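> Okay, here's what each chain looks like letter by letter:
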Amino acid sequence: MTEALPIVIVGAAPAGIRAAERLVEAGVRPIVLDEGLRAGGQIYRRPLVDDGRSYRNRYGSEAKKAERLHAVFERLRPSIDYRPETLVWNVSGLERSGHLDVLREGVHRQIAFSKLLLCTGATDRVLPFPDWTKPGVYTLGAAQTALKAQGCTVGDRLVFMGSGPLLYLVAWQYMKAGARVEAVLDTAPFRSKFHLVSLFVRAPRIVALGLFYGAQLQLSGVKVRYGVRPQTVLGEERVEGIRFRAGGRTEALACDAIGYGFALRPETQLADLAGCRFRFEDRDRAWLPERDAQGRTSRKDIYVSGDGSGIAGADAAEIDGELAALAILQDIGNTVAGDRPRQLTAARARILRQREILESAFPFPRDWFETVPPETTLCRCEEIRIGEIHCAVGAGSIGEINRMKALSRVGMGRCQGRMCSAAAVEVLSSIRKVEPKETGRLRAQAPVKPIPLGFGGPLDTEESR
Amino acid sequence: MSRQALFKRRYRRDEEAIPFLLNGLPEAGRRGDTVMTAILSLETSLRRTEFTGESRAGFCLIGACQDCFVMMADGSRVRACSTALEPGMAFLTDAVEGVEHD
Ligand SMILES: Cc1cc2nc3c(=O)[nH]c(=O)nc-3n(C[C@H](O)[C@H](O)[C@H](O)COP(=O)(O)OP(=O)(O)OC[C@H]3O[C@@H](n4cnc5c(N)ncnc54)[C@H](O)[C@@H]3O)c2cc1C
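Chains A and B supply the protein sequences, listed in that same order. Per the numbering used here, residue 26 is the first one in the first sequence, and the count goes up by one each step. Per the numbering used here, residue 698 is the first one in the second sequence, and the count goes up by one each step.
Among the clues, some could well be false.
If you want a taste of the chain A side facing chain B, the calculated C-beta under 7 Å gives, among others [unchecked claim]:
no. : residue
1   : 71
2   : 73
3   : 74
4   : 161
5   : 175
6   : 181
7   : 405
Across the chosen pairs, the derived CB separations fall in these ranges [said to hold, decoys possible]:
no. : chain 1 : residue 1 : chain 2 : residue 2 : range
8   : A       : 272       : B       : 749       : 43 to 53 Å
9   : B       : 770       : A       : 120       : 40 to 50 Å
10  : A       : 262       : B       : 770       : 22 to 32 Å
11  : B       : 716       : A       : 110       : 21 to 31 Å
12  : B       : 713       : A       : 181       : 17 to 27 Å
13  : A       : 428       : B       : 749       : 18 to 28 Å
14  : A       : 248       : B       : 749       : 28 to 38 Å
15  : A       : 130       : B       : 750       : 26 to 36 Å
16  : B       : 749       : A       : 181       : 22 to 32 Å
17  : A       : 276       : B       : 701       : 23 to 33 Å
18  : B       : 721       : A       : 181       : 19 to 29 Å
FYI, nobody ran anything at the bench for these hints, they're computed from the structure. These figures come from a predicted structure and were not determined experimentally. No residue lacks a Cβ here, since even glycine has one placed at the ideal position from N, Cα and C.
Generate the whole structure from the sequences, applying the supplied hints.
Next up, the structure:
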């Protein structure tokens, strides 16, 4: 019976938790699905057991927000149907009312929904360079996750590289945790940082924090280089150093691990499988589900919110989750009193404007592939090299990313393109000498993450609560 | 294979020991470890790839890259970054995996 179908939220992180809170206030009991072992999402990730650290120690400047969000979630627990360790791997049945295909503890299940809110967040955006698959090379987010959630550092002597606010933050966090931080290799030119002057007017706290991290790192003797392009990872079986170019010089540094990344890429596969229309967003250099200010997509009953609908950060995700919940409540016929949606929309728009400036201060390295040799692995899963893409694209017959995928297998591996598609688009657009959006959008395929082979049909169909 | 740790523990060092088997030998992790932390606090590799046989030790740690799959002694695989270590688990990190079609 349609009226009994639940409202389902995917993602128990800033956006999903705030959405659930708003729905519960209105008397709705949503199902909240998350693949993770504990709720909180990426920035406010929690350890598996208490390790004696305070919120301040674990989350630094964001400790209060982390504590608040975790408290909200704990308070909500009795009022929501929370299912951790639950992978949503497909959205289907959309001809009628849709359902999700989920996997939990090896059991396959279908969950029908009346409204679906996707708060699937983001992952690190990465680009390949020689020997980036070697043990000891991690994403910036990975380095941070090891520290926050597991209380360990991914090495003892680190080099951090890339572009984005996370670069300096993670380097500083590692230094505080007792690791030796050898260098911060910023791939952006020093002059890009002057954009922070105009950000200071709008968001003084963000700029002050950034300056503080940068100053503390430099005072502690951490080398900082700008305009860096890596040449190769050094070492046989594991990272033993990195060689790079900066300011017209080649330099080599010894280290036992490298953390790197270039801001974030939105996790949009489920919105794609749900049939939402997409548009290209220049700020994220990515395709995003089309949405209105409150997160309504082109598909009735499907909503998106948080970083998975466009990178805007954790504060914006909390606002955005509430906005989406208000949209859902309006759409099921509740009256939403007052000015709240307008206020939240304005607050989110302010953060998005700050993001524009941050993008200029920490720009994406658009010329990356001018210095990466063809024998470099592009696809970690299928071990496909950049040169093979050049061959597949050949004399110029391929200009579209899905054709390239079919011919080269890039994006077909276990990660479903999460680690290679940003790079594949850059390679293809650099060969074709066109803007990334001209190469088209890589279509998502179910399952969005690997699921055990050979399970039969649906085992456990859940029609309503 | 080198017996050199990749990860360095900073907290939870005195947490209760969780016994497991690594390539047939008895080892111990700590309560609250993921499989990845338990293994990489002891050595540098989680698996060898099916095509070139190179070592891998994970990459994203948030369940996105699928690089940290580890073979269990019973032939199943776990995603090391997002699986909690349990007593008695048995891992094989130097087996070269067969090509698999997901
Ligand atoms: C590794 C990492 C570290 C970061 N560190 C910082 C930081 O230090 N400071 C900072 O300001 N920002 C940081 N960010 C950015 C920040 O985490 C995000 O801006 C913020 O968390 C966005 O919140 P969200 O609710 O949109 O989603 P997220 O926090 O990204 O969470 C999305 C949730 O959805 C779940 N999910 C996704 N797909 C599925 C699926 N198919 N099935 C089931 N569940 C699913 C995930 O398990 C996750 O819990 C980091 C991002 C990453 C990736």
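> Can you name, in rising order, the numbers of the hints this structure does not satisfy?
Those not satisfied are hints 1, 8.
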